[in-house]
Amino acid sequence: MIEQSVVHKYLRKNKKFPHIWCPGCGHGVIMGSLLRAIDKMGVDRNNVAVISGIGCSSRTPTYLDFNTLHTTHGRALAFATGVKLARPDMLVIVVMGDGDAVGIGGNHFIHAARRNMDLKVVVYNNNIYGMTGGQASPTTPSGKKATTARYGNIERSFDICDLARSTGANYVARATSYHVKQLENYIYKSFNKKGFTVVEAVTHCPTTYGRLNSLKEPVAGMEFQKNNFIMKNLWDKLSDEEKQVKFPMGEFVDVDKEGFVTKYLNLIESVRQGD
Amino acid sequence: MIEQSVVHKYLRKNKKFPHIWCPGCGHGVIMGSLLRAIDKMGVDRNNVAVISGIGCSSRTPTYLDFNTLHTTHGRALAFATGVKLARPDMLVIVVMGDGDAVGIGGNHFIHAARRNMDLKVVVYNNNIYGMTGGQASPTTPSGKKATTARYGNIERSFDICDLARSTGANYVARATSYHVKQLENYIYKSFNKKGFTVVEAVTHCPTTYGRLNSLKEPVAGMEFQKNNFIMKNLWDKLSDEEKQVKFPMGEFVDVDKEGFVTKYLNLIESVRQGD
Amino acid sequence: MKKKRVEIRLSGSGGQGLILGGVILAEAAAIYDGKNATQSQSYGPEARGGASKSEVIISDEEILFPKTENIDVLLCLTQQSCDSYVCGLEKDRLLVVDSFYVKSLPKDYTNVISIPFTEIARDEFKTPMVVNIIAIGAISEMTGSVSKQAMEKAVLSRVPKGTEELNKKALHRGIELAKQYKK
Amino acid sequence: MKKKRVEIRLSGSGGQGLILGGVILAEAAAIYDGKNATQSQSYGPEARGGASKSEVIISDEEILFPKTENIDVLLCLTQQSCDSYVCGLEKDRLLVVDSFYVKSLPKDYTNVISIPFTEIARDEFKTPMVVNIIAIGAISEMTGSVSKQAMEKAVLSRVPKGTEELNKKALHRGIELAKQYKK
Amino acid sequence: MIKLLQGNEACAYAALAAGVRFFAGYPITPSTEIAEIMSMELPKRGGKFIQMEDELASMAAIIGGSLGGLKSMTATSGPGLSLMQENIGYASITETPTLIVNVQRGGPSTGLPTMPSQSDIMAAKWGSHGDHPIIVTYPHTVPEIYNETIRSVYLSEKYRVPVILLLDEVIGHMREKIEIPDENTIEKFDRKVPTVPNDWFFPFEGNLEGVPPFASFGEGYRYHVTGLVHDVDGFPTSKHSQIERFMNRLIGKIDNNVNDILKWEEYNMEDAEYAILAAGCIARTARDTIKVLREKGIKIGLIRPVTIWPFMEQPLINATKKIKKLFVPELNLGMLSLEANRVLKGKLEVCPYNKINGEIIYPSELEKFIEEEI
Amino acid sequence: MIKLLQGNEACAYAALAAGVRFFAGYPITPSTEIAEIMSMELPKRGGKFIQMEDELASMAAIIGGSLGGLKSMTATSGPGLSLMQENIGYASITETPTLIVNVQRGGPSTGLPTMPSQSDIMAAKWGSHGDHPIIVTYPHTVPEIYNETIRSVYLSEKYRVPVILLLDEVIGHMREKIEIPDENTIEKFDRKVPTVPNDWFFPFEGNLEGVPPFASFGEGYRYHVTGLVHDVDGFPTSKHSQIERFMNRLIGKIDNNVNDILKWEEYNMEDAEYAILAAGCIARTARDTIKVLREKGIKIGLIRPVTIWPFMEQPLINATKKIKKLFVPELNLGMLSLEANRVLKGKLEVCPYNKINGEIIYPSELEKFIEEEI
Amino acid sequence: MGKKISFYEKWCKGCGICAAFCPKKCITMDENTNKPVWNEDECIQCGFCELRCPDFAIVVKKKGEK
Amino acid sequence: MGKKISFYEKWCKGCGICAAFCPKKCITMDENTNKPVWNEDECIQCGFCELRCPDFAIVVKKKGEK
Ligand SMILES: Cc1ncc(C[n+]2csc(CCOP(=O)(O)OP(=O)(O)O)c2C)c(N)n1
Ligand SMILES: Cc1ncc(C[n+]2csc(CCOP(=O)(O)OP(=O)(O)O)c2C)c(N)n1
Ligand code: SF4
Ligand code: SF4
Ligand code: SF4
Ligand code: SF4
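Residue numbers (the working numbering), protein chains in the order written: chain F, 1 to 275; chain B, 1 to 275; chain S, 1 to 183; chain W, 1 to 183; chain U, 1 to 374; chain G, 1 to 374; chain V, 1 to 66; chain Y, 1 to 66.
One should not assume that every hint holds.
Taking lysine-lysine and the DSS-like style, the derived pairs with C-alpha atoms no more than 30 Å apart in a straight line are [said to hold, decoys possible]:
id	chain 1	residue 1	chain 2	residue 2
1	B	Lys144	B	Lys9
2	G	Lys192	W	Lys4
3	U	Lys44	B	Lys216
4	B	Lys15	S	Lys107
5	F	Lys193	F	Lys226
Worth flagging that the hints you see were computed from the coordinates, not collected in a lab.
Produce the complete structure using the sequences and hints provided.
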């Protein structure tokens with residue numbers, strides 16, 4: 001008999017597989033980590049919503065047997081804000097690509113963080129616009145190629161974790177599709193917190209970013225992660241030159257400021273008591 | 001004979017005065033500082049553009065005898081990006097209200113900073129939406145009142161300078177309409193730099209923020225600034241409680257990373273040389 | 001002055017409470033006198049700090065066209081508002097001005113009454129806050145479009161707690177003034 | 001096969017170079033043979049990694065309707081593409097498949113040619129890269145819609161520098177195959 | 001209870017009475033009062049208010065709120081409406097009930113923020129890209145704003161469609177007498193919910209009226225919602241037959257139920273030889289004008305759409321059967337008049353009267369225009 | 001030079017040939033190739049390309065670039081068009097020449113991103129709130145895309161108006177034979193610049209055609225540009241007479257110059273008894289259909305708008321004088337057919353044929369439809 | 001106005017800022033007109049009233065200027 | 001499949017990630033099918049191939065499970 005993993009429990013298996021992602025695309029790996037983290041939560045799946053924008057990564061909800069919402073490009077957090085306010089008890093997970101989250105969706109990102117809105121964000125960061133075929137995203141590293149940056153990207157890139165931190169998230173962490181156990185662990189930890197949380201899941205897009213930047217083989221993308229992402233405490237000790245070529249991962253923020261939803265529910269209480 | 005100040009030189013005096021701002025509104029004070037800084041630059045006024053979004057503060061360009069552009073709410077930086085790329089030699093100044101800059105316009109703000117786009121930003125921060133009559137803005141302090149936050153604002157507020165710093169501006173400073181000489185000085189310094197620069201000009205809106213928060217008299221708003229804004233180095237030494245009620249001002253960032261315009265002009269050079 | 005539709009324009013500067021004044025007039029007519037009434041006001045940045053206006057239409061019939069078309073009475077509490085808003089008034093209609101603030105009267109108007117609202121508020125009531133109530137008291141009486149009882153109820157339901165007596169007095173002082181200055 | 005309008009569909013998997021193949025066919029006809037030609041391809045996420053197609057219309061006249069309506073030849077280099085795209089082909093039209101990848105042939109097709117493109121590329125040319133060129137060589141010959149000279153020019157103008165000879169050979173090998181397998 | 005309320009106030013209180021429990025918005029003149037009232041009143045009723053970072057987010061948030069089970073609305077004006085268009089289309093294709101109040105001001109762009117205009121009529125219908133279903137209502141008095149707000153919420157929930165309630169600046173900002181009904185007398189209506197278990201549930205399969213029952217998130221129906229064209233199961237499709245079935249139902253929902261959705265009023269049309277077609281504040285001008293013209297012996301009446309989209313095609317044809325000329329006064333360059341021309345197919349002459357100077361049309365000028373044209 | 005180019009490629013190269021030197025955009029299927037080419041080619045010509053953070057910013061940036069003196073464009077598709085609407089209105093009211101290429105895909109919302117559709121025709125005209133002038137062009141072959149791109153840039157500069165170039169996914173993504181003219185043979189056109197000194201200059205005072213001369217920023221004319229309704233001096237006004245004068249000129253610019261702006265083609269109309277009205281890729285279907293029908297002895301022709309807004313009112317009336325029936329096949333639920341009905345006022349029957357399943361209309365089905373209807 | 005101060009009365013909106021923050025307290029607001037009045041003898045021409053006037057209604061002559 | 005590994009062949013897209021990062025190098029890609037093949041004897045059931053497979057095509061039995 002063929003075995004099932006915990007992941008398979010949550011897949012809309014009969015309808016939607018194999019999924020549309022390219023061979024070796026890291027998005028599937030992240031989705032797996034996400035599902036294992038949800039499973040660990042032991043919540044009723046009717047009480048889980050998975051919400052996304054538009055992009056390859058944003059196809060995630062399609063495959064999952066929860067309340068799923070595939071919105072418009074960049075706006076997932078705004079939709080999710082409505083869902084969460086209507087259903088304060090629901091675990092509202094928002095998955096977005098890097099372009100979706102901090103490109104077109106950047107304003108919703110910083111405002112959701114500022115409000116400390118109780119949403120659990122997982123950003124699938126492949127440093128490029130995958131779905132549309134490889135244009136530069138706000139996380140494409142300087143100098144790297146994209147179909148709209150054939151001469152090498154002259155823009156600087158956002159550090160998604162730093163943006164989340166500086167605008168007020170309660171929990172911020174980064175892992176990669178290679179570091180799959182850490183990834184699952186961070187996602188799980190974020191689900192256990194209130195307020196706005198962000199896990200940046202670094203991934204690889206062999207088809208666009210890879211093709212343009214000599215990482216065409218799926219394995220090469222994961223090799224890169226394996227060799228260049230190191231834990232924050234170790235990274236901090238690197239020389240400045242080394243810091244240019246290596247990337248830190250780990251947990252960057254872990255605080256417990258009161259989130260918008262809690263504050264609003266308190267407001268209702270106090271208004272209704274007439275004070 | 002009635003004397004003229006340097007400021008009067010740049011005003012569209014015959015057409016547009018007195019301006020529409022309320023009695024005692026701090027926006028006029030900031031506009032004065034801005035004009036003195038421009039005057040000090042000694043540039044040809046044909047080579048200066050002043051661009052704004054929508055709001056009371058964004059009426060500034062109307063009054064000034066430069067190339068002036070009053071755009072749509074929140075989008076001033078995007079328009080200015082186009083102007084600057086078309087006219088790389090022009091001094092392109094962008095004035096915005098707090099709502100305009102980091103409310104609806106937040107995404108353009110962080111992306112212009114990320115690109116280090118060569119724009120000189122002055123944010124008139126009155127902690128409220130003045131033009132529409134006093135709704136909460138992303139800089140309205142927690143607990144303060146606004147017409148959409150009658151029970152006290154439950155959201156946290158952005159620190160505009162910190163947002164500019166963390167997203168990559170070359171120069172970031174803050175002063176108030178009371179500290180008018182510092183303000184002029186910071187604006188002037190920002191004009192002398194390349195890349196993205198932000199001066200946050202803290203100001204007061206007696207009509208809306210003031211009316212709702214016991215600072216109805218224009219003088220009261222300026223008194224507040226006088227008593228509560230202190231230089232960064234002194235503020236740093238305060239106790240944590242004191243830091244809650246006092247605000248730092250001064251220069252927060254002063255670096256010289258290469259801006260987008262310089263990089264693009266270099267790109268043109270190198271492409272044309274065929275390498 | 002007994003007409004089916006009466007149009008009143010109250011004008012002054014931003015802080016003088018004329019919007020509330022208009023609302024009270026309209027509520028008196030609509031809620032307490034059982035007539036129809038509308039109230040509207042000037043909006044927008046241009047109004048900021050400068051002249052402001054509040055318009056009331058009172059009618060026994062349904063009010064359809066929602067703007068003033070033939071103003072019956074114009075009240076001006078400041079010179080600036082008088083200069084800005086007099087243009088809407090036919091030369092033979094009633095113009096009521098504050099004698100303290102409006103010094104230069106518009107030309108050719110044949111039916112002008114100048115009343116020291118501001119001074120009365122200051123001298124008799126010791127507060128400029130009641131100038132709007134005095135003024136609408138006078139206007140209500142002059143137009144005869146709202147009953148005294150209705151005005152009283154409307155004022156009391158709208159003014160801040162603790163100021164009821166003061167405002168009631170101010171209302172009656174206004175009504176009195178109207179009689180006194182009536183031509 | 002001599003028709004005014006010839007419609008060719010090339011199908012396979014994403015990496016097999018069939019879009020370029022279609023472009024070369026169309027350019028040969030349009031630029032070097034002075035005919036009219038269009039080329040289009042499947043787009044979109046559904047195509048990702050899976051079956052992909054490239055369509056070429058060649059005609060002596062102006063090509064108006066821009067899509068294929070009556071496909072004359074279908075090339076399938078993979079089983080998946082064969083399963084997906086055969087539906088557009090009438091039963092009596094020409095179906096050309098790769099004998100290595102396409103094992104289960106669709107039913108009722110009367111005009112099927114199975115050619116070992118992949119194996120030839122691998123064995124004779126030592127690279128799977130030329131499979132598309134071999135294939136279009138064969139197709140061009142089978143349809144007779146493009147001249148050999150035009151095909152050669154088109155191939156040479158499109159393939160990467162340094163691979164000209166290799167690809168020219170592959171083209172000719174394809175043309176030869178067509179003759180060999182012609183029914 | 002008799003009150004004197006602004007149109008904007010009436011709209012907010014009516015929404016609360018209709019059961020709206022979620023408001024997300026961004027301030028803009030001349031609609032802001034609606035948000036301000038909702039921010040005060042919603043928490044008292046356990047509802048939620050949030051001021052979003054912009055109008056795109058506001059529209060997105062109310063779709064989320066609605067999917068979460070709350071009757072949801074936003075309020076804006078021209079520039080905000082333009083910004084909401086993408087997500088209005090999303091509400092259309094995902095069939096998420098939402099109410100968008102648009103208090104019109106002068107356009108284009110920032111235009112004339114404090115002046116009346118009726119120039120968003122076309123944008124309300126056609127603004128979002130692609131064919132999409134939408135209902136637009138347009139009341140003309142403060143009491144009618146109250147009723148139409150309730151009806152708009154109702155239509156939106158019944159047909160699972162975004163409804164745009166168009167208001168005029170003039171009426172939004174005018175205080176007028178209104179008798180507010182007891183909240184208990186207001187008809188309660190709730191979403192039709194599925195009656196089958198999760199496994200049998202096809203979330204986008206229409207009922208007889210073409211409308212699928214609505215399962216809110218969190219109620220045990222774990223289905224998929226997407227802005228891609230989808231099949232009855234909610235999943236994206238690229239099959240032509242499924243696309244066609246879906247689009248036909250989506251649009252058919254409105255087209256096949258026009259009789260239920262349409263609302264209009266006729267005044268003095270019984271014996272009329274001439275007619276005016278007018279909506280919103282201009283219908284008020286028209287009625288005053290008609291009074292005067294009738295006194296002069298001119299037999300003229302008014303046809304006033306209350307549901308403005310879908311357009312009252314058949315009712316207009318019927319009402320104008322004996323009419324010689326149709327006058328269409330509007331605060332725009334001709335929008336209703338385009339529709340009238342299209343629908344009436346030359347059967348009678350359509351005379352537009354367009355005013356775009358920031359002022360409403362006076363009865364006297366309309367009277368003069370009509371007299372000259374007759 | 002003869003080439004085989006995709007429609008999107010032809011558009012990009014034509015824009016470069018027309019002198020476009022600034023492109024700001026945001027990727028979206030099926031328009032992205034245009035941005036990709038511009039990012040490669042502009043720096044070679046000293047021009048500037050920037051990928052903005054979204055479509056709102058893209059539209060804003062090209063307005064800025066245009067005011068700065070560069071011919072400027074963007075390219076997008078449905079969802080992006082919706083997001084651009086606010087700033088398209090801004091370009092209209094500030095009279096800033098800009099070219100917006102919209103490669104249509106299936107809507108509403110995310111819809112059918114890779115399938116053809118013609119459902120943005122109405123959104124292109126009415127999408128932005130408020131009355132606003134706009135020109136929309138709609139080519140149907142790759143060579144025509146080349147020419148119409150150049151003409152669109154020209155119209156936009158001449159009339160100081162945003163021009164939307166509508167493309168069909170099918171043609172945007174199809175390679176077709178095109179003879180590219182030598183860049184030197186392409187007519188050069190430059191903005192009309194003011195000829196008076198700064199002090200005398202009224203930046204928004206129209207010339208004979210109603211169009212003001214255009215001073216780019218930095219050329220010594222320090223004037224004010226605003227999205228508020230403004231007077232000839234560029235400053236906001238709330239005077240009704242000034243508002244009216246401004247709006248009339250703004251719209252009149254287009255209305256009074258339709259003859260110059262309109263472009264359409266007639267095929268086989270000389271002896272036609274029946275006609276097809278079709279645009280873009282469907283005009284190609286129609287021509288193939290006409291061939292077949294004519295062979296069968298049916299006298300039928302085609303009327304094809306190239307300028308689609310303003311609509312070809314008079315030309316359509318003229319062309320259909322002897323026509324018995326007008327067939328209007330479209331990849332939407334009826335947009336051109338609404339216009340035809342409005343314009344023709346019942347003078348002849350308009351038969352729409354609408355297809356919305358993500359496929360283009362085949363000649364065979366159109367043939368069948370027409371034969372049944374005749 | 002006097003030797004030290006030029007005052008554009010028409011532009012002044014009477015906010016009182018000039019008076020409140022004059023380091024020498026030499027400006028008073030006229031009760032009736034609600035406009036500032038200078039005691040020029042006390043004025044040290046520091047310029048702050050000019051810099052802080054939101055309505056550009058004040059010009060302070062530079063010291064030494066006539 | 002064998003005792004330790006369940007493999008959903010239809011879902012596998014042949015990316016090779018499982019093979020590349022197996023700590024025991026006990027997975028090889030079949031040249032013809034481009035699908036992984038396990039040397040189950042070497043497999044220590046660490047589960048990484050399951051965790052990293054982007055297509056959910058692998059289930060590694062827990063140690064001790066049968
Ligand atoms: C308003 C709008 N603009 C543009 C697009 C086109 N678009 C679809 S996905 C995408 C980018 C996806 O990139 P990212 O979010 O990084 O996700 P990935 O595909 O890389 O996983 C874009 C630009 C769109 N759908 N809507
Ligand atoms: C798209 C859009 N949304 C809303 C508005 C309405 N609006 C005009 S100004 C403004 C806020 C102004 O606040 P701020 O930017 O802080 O400037 P201030 O008026 O306080 O100087 C708003 C919401 C608008 N003009 N356009
Ligand atoms: S294009 Fe890139 S991100 Fe998208 S599915 Fe393929 S590999 Fe993944
Ligand atoms: S409302 Fe506030 S910000 Fe606006 S002009 Fe008045 S005081 Fe200044
Ligand atoms: S600061 Fe300026 S506006 Fe204010 S009172 Fe003084 S002079 Fe007048
Ligand atoms: S210049 Fe200085 S001292 Fe003189 S009045 Fe002004 S603030 Fe006072």
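Structure-based check of each hint:
For the suggested pair B:Lys144 and B:Lys9, the alpha carbons sit about 39 Å apart, so the restraint of at most 30 Å is broken. Taking the CA atoms of G:Lys192 and W:Lys4, the gap is about 49 Å. The hint is violated against a cut of 30 Å. With a C-alpha separation of about 28 Å, the suggested pair U:Lys44 and B:Lys216 falls inside the 30 Å cut-off, and the hint holds. Note on B:Lys15 and S:Lys107: the hinted pairing holds, with a Cα-Cα distance of about 27 Å set against a maximum of 30 Å.
The suggested pairing of F:Lys193 with F:Lys226 holds, with an alpha-carbon distance near 28 Å, which does not exceed 30 Å.
Hints 1, 2, counting from the list given before, are not met by this structure.
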